[in-house]
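There are 2 protein chains.
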Amino acid sequence: MPKCACSELQQERGKFQPVLPSILKKGPAFVKPKLGKATKSVADQATVKKIFPNTYGLPAVSFVKGNNAAVCKKAVRVGVVLSGGQAPGGHNVIGGLLDGLKKANAKNKLFGFLGGPSGIVDNKFVEITPALMKDYRNTGGFDLIQSGRTKIETPEQLAAAKNNLLKNKMDALVVVGGDDSNTNACVIAEYLKQQGVDISVIGVPKTIDGDLKNEHIETSFGFDTATKIYAELVGNIERDMNSARKYWHFVRLMGRSASHITLEVAFKTHPNAVLIGEEVLAKKMTLGQVVNQLVDLIVKRAKAGKNYGIVLVPEGLIEFIPEMKELISALNDALADHEAALAKLSSLAEKKEFILEKLPKKLADLMKSLPAGIASQLMLDRDPHGNVQVSLIETEKLLVEMIKTRLAELKKAGKYTGKFSAITHFFGYEGRCGVPSTFDANYTYALGYNAAVLALNKCTGYLSSVKNLTKKSQDWVCGGVPLTMMMNIERRKGKEKPVIKKALVELKGKPFMHLAKVRAAWATEDLFVFPGPIQFFGPAVVTDITTVTLQLEAGKKIK
Amino acid sequence: MPKCACSELQQERGKFQPVLPSILKKGPAFVKPKLGKATKSVADQATVKKIFPNTYGLPAVSFVKGNNAAVCKKAVRVGVVLSGGQAPGGHNVIGGLLDGLKKANAKNKLFGFLGGPSGIVDNKFVEITPALMKDYRNTGGFDLIQSGRTKIETPEQLAAAKNNLLKNKMDALVVVGGDDSNTNACVIAEYLKQQGVDISVIGVPKTIDGDLKNEHIETSFGFDTATKIYAELVGNIERDMNSARKYWHFVRLMGRSASHITLEVAFKTHPNAVLIGEEVLAKKMTLGQVVNQLVDLIVKRAKAGKNYGIVLVPEGLIEFIPEMKELISALNDALADHEAALAKLSSLAEKKEFILEKLPKKLADLMKSLPAGIASQLMLDRDPHGNVQVSLIETEKLLVEMIKTRLAELKKAGKYTGKFSAITHFFGYEGRCGVPSTFDANYTYALGYNAAVLALNKCTGYLSSVKNLTKKSQDWVCGGVPLTMMMNIERRKGKEKPVIKKALVELKGKPFMHLAKVRAAWATEDLFVFPGPIQFFGPAVVTDITTVTLQLEAGKKIK
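Line order of the protein sequences matches chains E and P. Numbered per our numbering, the first sequence spans residues 1 to 559. Numbered per our numbering, the second sequence spans residues 1 to 559.
No wet-lab data here; the hints were simulated from the structure. Small disclaimer: the values here were computed from a predicted structure and weren't measured. A couple of the hints might just be wrong.
[Claimed, not checked] Residues from chain P shown here face chain E by an in silico Cβ test under 7 Å; the list is partial:
#1 Ala5
#2 Leu366
#3 Ser369
#4 Pro371
[What the hints assert, rightly or not] Simulated pairs of lysine-lysine, DSS-like, Cα-Cα distance not exceeding 25 Å:
#5 E:Lys472 with E:Lys559
#6 E:Lys124 with P:Lys103
#7 E:Lys344 with P:Lys306
#8 P:Lys306 with E:Lys351
Positions of the beta carbon are idealized from the N, C-alpha and C atoms, including for glycine.
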């Protein structure tokens, strides 16, 4: 177990008792599941049903008041595993799960598999006792049992997982993860059913990226805290910029597959420009067009005497630009096809020259137009599979370099007389393990407690669902959503696979529509907002409010 | 004036009323200055006295209770200017100053010069009314009147400043700044005295770097808040690292001339390694030795199965390494001497080759040993004076590249079998404009109020001094320290200049001695502390505690 000297805040915040939704308050003995109609997957129903014959079409579950002491009689053993990247509140999922189980029956036991799903395959776990849990309540991080990225997919892995769960006499397994990890939870649930093994598998929706949501899951946990931390930093930078008035700041924010984080941070801070990957893709913008759009803004502000500003950039921007996605894909192929020949060339310049000849002219020209540093990153930084590591590309620096070049041209042509001095930032790891906000502390505790109730009721193949999140936590609505219901078939690494559909920023959705309405004013009028750090004590207006995204989706009006 | 939509926190925190030291509580009419003995400068007394004949040797001022209604009778006009980099609490200095003046006489007026000292020369200012002040109380940033880096030094600048101060019928000028700005405040005070102009000049000690302190100034404002913000981020990264257990994080922290910030953040977070520039200099370490020291730790932790860790690096490290300082200086000279010849060469490789021949062999070898990216930064990133821009050098990336090379050698030799995957961060701008902590909100308000009292009592050439800072703010001790008292003569840009002596990390001082005692345990035992975000409400233990550095200097024991 990791040791740590508790900070003062950790000690004080440890005393916070999350507020449960009313329906769960008296404990699992007073909650009964109510089954809805049979469900179907969001798309590709026939294929998904074929892959998940035993877990497809399950009814949605909602919880209602009622005597359910029966499910509390027998003592049960439950395993929990944290899967994928960290998100604030993971420890409170475990705390809620533990408290729900213990409330049902003091003899119930909770076990944490260590280091992610590989802990199930390797049978590494620890019992989560109330004493062990104590120092981790309302804390950030996954360090209680750590996390990992292993997927349990091969026949050998599945068999090992089954054997270990049986050997340890587990009655249920709770998988805390994002879309991929919850898809995997469903694979395990289906496998166990097929094998006639009576062990429930329940998922919990986690990811700071905010891209695991749908009509039944209003948000994934961690998104609220992470965006508040990034917004604190962006707000501080805005205030610095607005005081010094001599720099343009380019801030890249985590979130590769979707731009929800960038959008939410923009709502909280009102930057001068914000790039949304999904919009760039929908408009089929070229890199040059993205750059020119920013250059236009810089020139416009310079004319108003404002040689400063702030731009938010989503981490995944590059892949949303069609021509860049094409280039990366072509580079991946060319680098793999000519590995031997490339190895014989000693300098990067020679390698680049060699590869340029192998690319279609359009892409070679694009590659040539990139700043040298970025072109090198595209050539050199490759993952163990030989692919370009998109997450390492410093898009904010790429944009700055290309903007500088364009501004120099405009200056030469007498069309720009301002000054452009840029500072770049990237925020990602800073937000994944922060102390969970009151919203996330309550939400994760409820998700965990709710997962305990689902497990006790023998539900399997469900995602723990807590809804009505813009209301007070007492009024949240609890239940379970069949995992298959959220699935469709996607092509991954050349194979058709059933996966939980990723929620991208919808251009017709309320959040983006709001941005479209307000961003012109942000661009020129300097309407910066400085949110400051997350508060855990004090007036409810500073401690309890959740994301603007959730509020807009719930139909609230935002200034 | 900048517009902004106030955040919820800004609105709530705006209501906070800073707690004044008891001595100031009843207002300037009830405080009398008590003069101490004549003072002398910390060094070079004869030279400093010669340069400041009218402001040298002034007695230290302390405040005692007593009837002083006389100084409140006549209405006065006071100017305030923010100088240099932003620091949290600047607005509260202005708020304290305004309240102190208005308490003395409702007709007193405060004016803010805009955009730093150039606002005095250009006569640009705004009246700071209570209504204008309202939205800025307890906020971060300098955006109320902005800041700038102009020094008022030439005869023309000094004359323009004098004329504008006279034209606007100013009775006093308050300069909020770091060591250089306060040196400049003394230059202005001396000039006005020499010219027979009866306008007081008072300084206020500002800098997040923490390097403006001495026996009379326990700390500069902003250091507390900035280090708390950086510590929040470093703590979050530690928790992420301790959850994922697969990365080494290298965090560079602002603070070029001194390593106080890095030291304080280390005290708050217990990283595995922390580099202190002053120690590197004292031990005359080479870059290779710095790298090897970290490599030893990485190898040691890998043997214990820990392929993760965190290292804090002060921004100014490079200049503390004697051979690197020599290289940068030689490069500055060589690049200047051969500017024309270099301009004719087209590629960076050619330029580098050319310059290497001009360097002494030892330095050329050092340059060759640097990673390509860093060598390019040294060649390309130059300030308007043609000097290498040390603050742009990504020291954390330099270290990572050199560590990788060394680890590869060790791996080849069979002496290392671990994995090394590194992530780098730089935090600076994120902390300069944060919402001031309760300590900084109180401290800056007291410094401003105290400056008003000094001004009303016609003190000139003094720094506003508030001491006893580890006690409750009611018990703080107020007064004024002659600016010349803190001066010595230093060589700046080839000239002997009187300057306020910069406070470096003292290797025999209590803070560093404490680090020396505890760091071995931090290196291997993973004693990480996760401080979390600054809290403005809630238990005093999370809102009111100031820096570990101040506590250690005051003789407190720290775990």
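Quiz item: Can we keep the P:Leu366 interface hint, with Cβ of chain E closer than 7 Å?
Solution: 22 Å, violated
Quiz prompt | Interface hint compliance - P:Ala5 to chain E, C-beta minimum distance less than 7 Å | solution = 5 Å, holds
Quiz prompt | Pair hint E:Lys472 and E:Lys559, alpha-carbon separation not exceeding 25 Å | solution = 22 Å, holds
Exercise. For the hint on P:Ser369, just tell me whether its beta-carbon gets within less than 7 Å of chain E.
Key: 19 Å, violated
Quiz prompt | Pairwise hint evaluation, E:Lys351 against P:Lys306, where the allowed Cα distance is 25 Å at most | solution = 36 Å, violated
Quiz item: Straight-line Cα separation of E:Lys124 and P:Lys103 no greater than 25 Å?
Solution: 68 Å, violated
Quiz item: Quick one, are E:Lys344 and P:Lys306 close enough, alpha carbons at most 25 Å?
Solution: It is violated: about 36 Å lies between the C-alpha atoms, which goes past 25 Å.
Quiz item: Given P:Pro371 as an interface hint, is the shortest Cβ-Cβ distance to chain E below 7 Å?
Solution: 12 Å, violated
Going through the hint list in order, the structure does not satisfy hints 2, 3, 4, 6, 7, 8.
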